[in-house]
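A.B. asks: First to last, the protein sequences are chains F and X. Position one of the first sequence corresponds to residue 1 (this note's numbering), numbered consecutively onward. Position one of the second sequence corresponds to residue 1 (this note's numbering), numbered consecutively onward.
Be aware that a few hints might be false.
Pairs involving identical chains hold if they fit within one copy or between any two copies, as the list cannot separate such chains.
Stated by the list, open to error - Taking lysine-lysine pairs in the DSSO-like style, the calculated list, with each CA pair at most 30 Å apart, reads: (1) LYS86 / LYS225; (2) LYS3 / LYS103; (3) LYS222 / LYS240; (4) LYS222 / LYS119; (5) LYS207 / LYS150; (6) LYS119 / LYS151; (7) LYS120 / LYS151; (8) LYS207 / LYS22; (9) LYS120 / LYS222; (10) LYS120 / LYS207; (11) LYS255 / LYS186; (12) LYS256 / LYS240.
Just so you know, these hints were derived from the structure itself, not from any lab. Quick caveat, the model's predicted, so the values are computed rather than measured.
There are 2 protein chains.
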Amino acid sequence: MVKVVLIGSGNLAQHLIVAFQKAEKSGNAIQLLQVYARSADTLSHLLPAEKITSSFDTLQNADVYIIAVSDNAIATVASQLPFENKLVVHTSGAMPMDALDVKNRRGVFYPLQTFTKNKKVAFDGIPICLETEQMEDLNILEALAKTISKKGITIHPEQRKALHVAAVFVNNFTNHLYQIGETICKEHQVPFDILHPLIEETAAKIKNISPSEAQTGPAIRKDSKTIAAHQALLNDPTQKQLYTILTQSIQDNVKKL
Amino acid sequence: MVKVVLIGSGNLAQHLIVAFQKAEKSGNAIQLLQVYARSADTLSHLLPAEKITSSFDTLQNADVYIIAVSDNAIATVASQLPFENKLVVHTSGAMPMDALDVKNRRGVFYPLQTFTKNKKVAFDGIPICLETEQMEDLNILEALAKTISKKGITIHPEQRKALHVAAVFVNNFTNHLYQIGETICKEHQVPFDILHPLIEETAAKIKNISPSEAQTGPAIRKDSKTIAAHQALLNDPTQKQLYTILTQSIQDNVKKL
Ligand SMILES: NC(=O)c1ccc[n+]([C@@H]2O[C@H](COP(=O)([O-])OP(=O)(O)OC[C@H]3O[C@@H](n4cnc5c(N)ncnc54)[C@H](OP(=O)(O)O)[C@@H]3O)[C@@H](O)[C@H]2O)c1
Ligand SMILES: NC(=O)c1ccc[n+]([C@@H]2O[C@H](COP(=O)([O-])OP(=O)(O)OC[C@H]3O[C@@H](n4cnc5c(N)ncnc54)[C@H](OP(=O)(O)O)[C@@H]3O)[C@@H](O)[C@H]2O)c1
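Make a model of the complete structure from these sequences and hints.
C.D. replies: See the structure below:
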C-alpha cells in the first residue's frame with residue numbers, strides 16, 4: 001500500500017486526484033491521504049474538507065509526497081516542507097530532479113500527457129516517467145504508477161529532457177499548426193471542423209506506420225507549382241516563413257533517410 | 001441512381017472503390033460501372049476483371065467520371081477522354097477545376113482526408129468538397145457524396161484552395177513534427193511510442209476546445225529558462241530554427257488574440 005500526499009491544485013493535480021481515487025475504489029494498493037492546496041476551495045468539488053490542507057505543518061506521514069505545482073514554484077514548495085529524508089517527487093518534464101530540496105529523498109513522477117481542466121483523460125494508457133536517486137525509491141514509484149497506469153517507465157534524466165523537447169514538437173507546436181489551420185479557415189469563411197477528421201487520421205496513422213513513411217503532400221512530392229500557389233495565398237509573414245522552412249525541412253529529411 | 005466510372009488505381013482510387021462497393025451493397029443509389037487502370041493487375045484484388053479497363057475507348061456511359069490520378073496527370077488524362085459534354089471531375093485539393101478539358105462539364109470531388117494504402121479509413125465522416133460549373137451537376141455530385149459520406153460540402157474555388165493550405169499545415173507539417181519527435185527520441189534511445197498517447201490527446205482535444213485555448217507549453221508561458229534548455233539540447237540546425245520560429249509564432253499570436 002503506497003500512502004500519498006499530493007501538493008497542488010492545478011490541472012495535473014486535479015487529474016491525479018481523480019485517478020488516485022478511482023484506483024483506491026478499484027482496490028489498488030494506494031491511499032491518497034491528503035492534498036495540499038493554497039486555497040482549499042479549489043478542491044472542494046473533488047475531496048472532503050478533512051482531506052484538504054492549506055498548511056504544510058499539518059501534512060500527514062506518507063510514503064510519497066508529489067509536488068504538482070507550476071515549474072517555477074517547485075523549488076520554493078520543496079524547501080518549505082517541514083520534514084526530512086522522505087520521498088519527495090515533482091511531476092515536471094522540464095525541471096531537473098535537483099530543483100527539489102536535498103533534505104529529502106528526491107524523485108520525478110512525470111505523466112507524459114497534456115491535461116486540460118474539464119476534459120477527462122484515461123490515465124490507463126499514459127506513460128509515467130520515473131526517476132529517483134535511490135533504487136528502493138524507484139520501487140515505490142513503480143508501485144504507485146502501476147495503480148493508475150499500465151506504463152510506468154524508468155528513464156534517465158537526459159532521456160526525460162529529450163522526451164520533453166520531443167513532446168513540445170508533437171504537442172505544443174502541433175497544436176500551433178492546428179491554430180494556423182483554424183486561422184486560414186476563418187479568413188476564408190470555412191468552418192474549421194471540416195479539418196477534424198484529417199487531424200484525427202494524421203495522428204492515428206503514426207500508430208501503424210512511422211512518420212517518415214506517412215509523409216505526403218506537396219513538399220515531399222517536390223510539387224513546386226502547388227508550393228508556390230500556397231505561398232501566394234498566405235498573407236501572414238510568419239505563416240509564409242513557417243511554410244517555407246517546414247517544406248525545406250521535409251525535403252532535406254528525405255535526403256538524410 | 002448515380003452511375004460512376006472511376007479513373008485511377010492509386011491510394012485514393014482504391015479507397016473510393018472500397019467505399020463505393022460498400023455503398024452499393026448497402027443499397028445506396030450508386031453503381032460503380034467500371035474502373036480505368038493503366039495496368040489492370042493493380043486492381044485485381046478489388047474488382048472482377050470485367051469491371052477493369054486499360055483503354056479509354058472502352059469506357060462505359062456514366063453519369064460521372066472521376067479522375068483520381070496524380071495531380072500532374074489530371075490534364076493529360078482529361079484531354080484523352082474520347083467523349084464530350086459529360087460530367088468529369090477530379091479529386092484534388094490543389095488543382096483548379098479548369099485543369100480538366102473544357103470539352104466536358106467539369107467539377108471537383110475532393111475528399112478532405114489523408115489516404116494510405118493498407119490503412120482502412122471510414123469514409124462516413126470525411127468531408128467531401130464539391131464544385132461544379134453547372135448547378136444541375138452539383139446535384140449529381142451531392143447525391144454521389146451522400147452515398148459514401150454524411151458530409152458533402154459545396155465550396156468555392158478560393159475556399160478549396162485555402163482548405164488545402166490549411167490541410168498542409170495540420171496534416172503534412174504536423175506529420176513532419178511527429179517525425180522530428182521520433183528523431184529526437186531515437187537519438188536518446190527512447191521508444192517513440194511513448195509519445196503516442198500525447199499525440200492522440202493533442203488531436204482529440206481540439207474537437208472540444210479551440211487550438212488557441214488548448215495551447216500550453218514553454219512558449220506560451222514565456223518560460224525562457226526551459227526554452228533555452230531545449231535549444232541547447234537540439235543539435236540539428238533546422239530543428240533549432242523551427243523551435244525558435246514556432247516559439248516566436250506562438251508568442252506573437254497571443255498578442256493578436
Ligand atoms: N498540465 C499538463 O499537461 C502537465 C503535464 C505533465 C506535467 N505537468 C507538470 O505538472 C506541474 C503542474 O502543472 P499544472 O499544469 O497542473 O499547472 P497549473 O494548472 O498552472 O497549476 C499550478 C499549481 O501550482 C500551484 N502553485 C503555483 N505557485 C505556487 C506556490 N508558490 N506555492 C504553492 N503552490 C503554487 C497553483 O496554486 P494556485 O491554484 O493556488 O495558484 C496550482 O495549484 C508542473 O510541474 C508541470 O510541468 C503538467
Ligand atoms: N492520397 C490522398 O491522401 C489524397 C487525398 C485527397 C485527394 N487526393 C487526390 O487524389 C488524386 C490521386 O492521388 P493518390 O494519392 O491516389 O495518388 P497515387 O497513389 O500516387 O496514385 C496516382 C495514380 O495516378 C495514376 N497516373 C499517374 N500518371 C498517370 C497518367 N499519365 N495516366 C494515367 N494514370 C496516371 C497512377 O497510375 P499507375 O499506378 O499506373 O502509375 C496511379 O493510379 C490526386 O489528385 C490527389 O491530389 C489524394
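A.B. asks: Now look at each hint and say whether the structure bears it out.
C.D. replies: Against the structure, the hints come out as follows:
For the homomeric pair LYS86 and LYS225, the shortest alpha-carbon distance between copies (28 Å) is at most 30 Å, but the shortest distance inside one copy (63 Å) is not. Proximity of LYS3 to LYS103 under the C-alpha cut-off of 30 Å is restricted to the intra-copy arrangement: shortest distance 20 Å within a copy versus 78 Å between copies. In this homomeric assembly, LYS222 and LYS240 come within 30 Å of each other (Cα to Cα) both inside a single copy, at 17 Å, and across copies, at 23 Å. Taking the shortest Cα distances, LYS222 and LYS119 sit within 30 Å of each other only across copies (24 Å), while inside one copy they are farther apart (40 Å).
Taking the closest pair of Cα atoms, LYS207 and LYS150 come within 30 Å of each other both inside a single copy (18 Å) and across two copies (26 Å). For the homomeric pair LYS119 and LYS151, the shortest alpha-carbon distances inside one copy (21 Å) and between copies (27 Å) are both at most 30 Å. With identical chains, the CA atoms of LYS120 and LYS151 are at most 30 Å apart both within one copy (18 Å) and between copies (28 Å). Proximity of LYS207 to LYS22 under the C-alpha cut-off of 30 Å is found in both arrangements, the shortest distances being 28 Å within a copy and 26 Å between copies.
Proximity of LYS120 to LYS222 under the C-alpha cut-off of 30 Å is restricted to the inter-copy arrangement: shortest distance 27 Å between copies versus 41 Å within a copy. In the homo-oligomer, the alpha carbons of LYS120 and LYS207 lie at most 30 Å apart both inside one protomer (22 Å) and across protomers (13 Å), since each shortest distance falls under that limit. With identical chains, the CA atoms of LYS255 and LYS186 are at most 30 Å apart between copies only, with a shortest distance of 18 Å across copies and 36 Å within one. Taking CA atoms no more than 30 Å apart as the test, LYS256 paired with LYS240 passes in both settings, with 25 Å inside one copy and 17 Å between copies.
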